[in-house]
Amino acid sequence: MSEVKLSYTISGDDFTRAGEASGDVKSKLKVLGVAPDIVRKVSIALYEGEINMVIHAHGGTIDVTISEKEITMVLADHGPGIENVELAMQAGYSTASENVRALGFGAGMGLPNMKKYSDDMNIETRIGEGTTVTMKVFLQ
Amino acid sequence: MTVEKLYDAAGFKTISKGDGKKEVKAIFCCDMLSIAMSKAPASGCWITVVSNMNTLAVATLTDVSCVVIAGGVAVGEDMKAKAETEGIALFTCEEPAFETALIVHDLMNA
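In the order they appear, the protein sequences are chains A and B.
Those letters in the first sequence? Residues 7 to 146, per this note's numbering, in order.
Those letters in the second sequence? Residues -7 to 102, per this note's numbering, in order.
FYI, nobody ran anything at the bench for these hints, they're computed from the structure.
Possibly wrong hints are sitting among the right ones.
[Stated by the list, open to error] Covered by chain A, per the in silico footprint, the following chain B stretches (three or more residues, Cβ under 8 Å):
{"#": "1", "segment": "15 to 25"}
{"#": "2", "segment": "88 to 100"}
[To be verified] Heads up, simulated PhoX-like pairs for lysine-lysine below, C-alpha to C-alpha not over 25 Å straight-line:
{"#": "3", "chain 1": "B", "residue 1": "31", "chain 2": "B", "residue 2": "9"}
{"#": "4", "chain 1": "A", "residue 1": "122", "chain 2": "B", "residue 2": "9"}
{"#": "5", "chain 1": "A", "residue 1": "34", "chain 2": "B", "residue 2": "13"}
{"#": "6", "chain 1": "B", "residue 1": "31", "chain 2": "A", "residue 2": "36"}
{"#": "7", "chain 1": "A", "residue 1": "34", "chain 2": "A", "residue 2": "11"}
Beta carbons are placed, not taken as given, at the ideal position from N, Cα and C, and that holds for glycine.
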C-alpha cells in the first residue's frame, strides 16, 4: 500500500457538521482494508480531536497520512491554546460551556480518549496562538 | 433480533428505517457523546435523549445498528433527513431510557 494523504478543513462552531471528517476517514480506512479494531481506534481519537477543534478552537485543519506502518493524524488550530495540559488530560475535566454540554459534549473525555485510543500522542500548544495535536496509530 | 423488529414495536415511532436486516446484538444507554463514542458496542441499539446531528455522527462512527431517542424527545427535520441520507435506523420512544431499553430487551429475548 502506498502512502495515502487526506486533508480536511474543520469549520468552527458548526456542530451540525462536526464528525464529518472523522466519518470520511473511517470509510476510507474501511475501503483500504484496515482492520476493524484499528479503524475504531482512529475513529474515536480523531472524532474527539475534531470535536475539540469545533468546541474550543473555532475550527482548524486535519491531515491524515496512512502508510504501511502507521496512521498519523495532525490536528492544527489557531485557537486559544490549552492553559494547563495536565489538567485537560484528566478524565472528567472540561471547560465546555453550558450550551455545548446541552448537546451531549463536555464529559471531559476528549483528550483522555485521544490518548487512550492512539498509540502515540503529542500536544504542542501556545496560549493565544493555537494547538497542534499529533496522534499515531500503529498498523504493525 | 434485527432492526426491523423495532419498526412496529409498542411505543416506538420509526423516524428513519435504515437497514432493517441489521442485527441488534446489544443495548446501550448513554447521553454523553464522548462516552458513547468509546463505549457504544458495534451492532448495538443505542438509547439516548440527546437528539441532534452529533448523535448521528457518533452512531456512524461506532457502527451501532440503530438509535432510539427516548423520553419523548423530538427529532428535528434536519436530523431525520441526515439519518435517511446516511442510512441510519432512527426511532423515537415516549418512554424514558430505562423503559425503552426494557422494550428492546424483551424483543431481543422474545
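Restraint status (C-alpha distance of residue 31 of chain B to residue 9 of chain B at most 25 Å):
Measuring from Cα to Cα gives roughly 24 Å; hence the hint holds.
Within a Cα-Cα threshold of 25 Å, do residue 34 of chain A and residue 13 of chain B meet the stated pairing?
24 Å, holds
Checking one constraint from the list: CA of residue 122 of chain A to CA of residue 9 of chain B, max 25 Å. Satisfied?
34 Å, violated
Going straight from one Cα to the other, do residue 31 of chain B and residue 36 of chain A come out at no more than 25 Å?
20 Å, holds
Okay, the segment 15 to 25 of chain B and chain A, do three or more residues pass the C-beta test at under 8 Å?
holds (count 3)
Between the alpha carbons of residue 34 of chain A and residue 11 of chain A, is the straight-line distance 25 Å or under?
It holds: about 11 Å lies between the C-alpha atoms, which stays within 25 Å.
Residue count check for the segment 88 to 100 of chain B against chain A: does it reach three with CB-CB under 8 Å?
violated (count 0)
In terms of the numbered hints stated before, the structure departs from hints 2 and 4, listed from lowest to highest.
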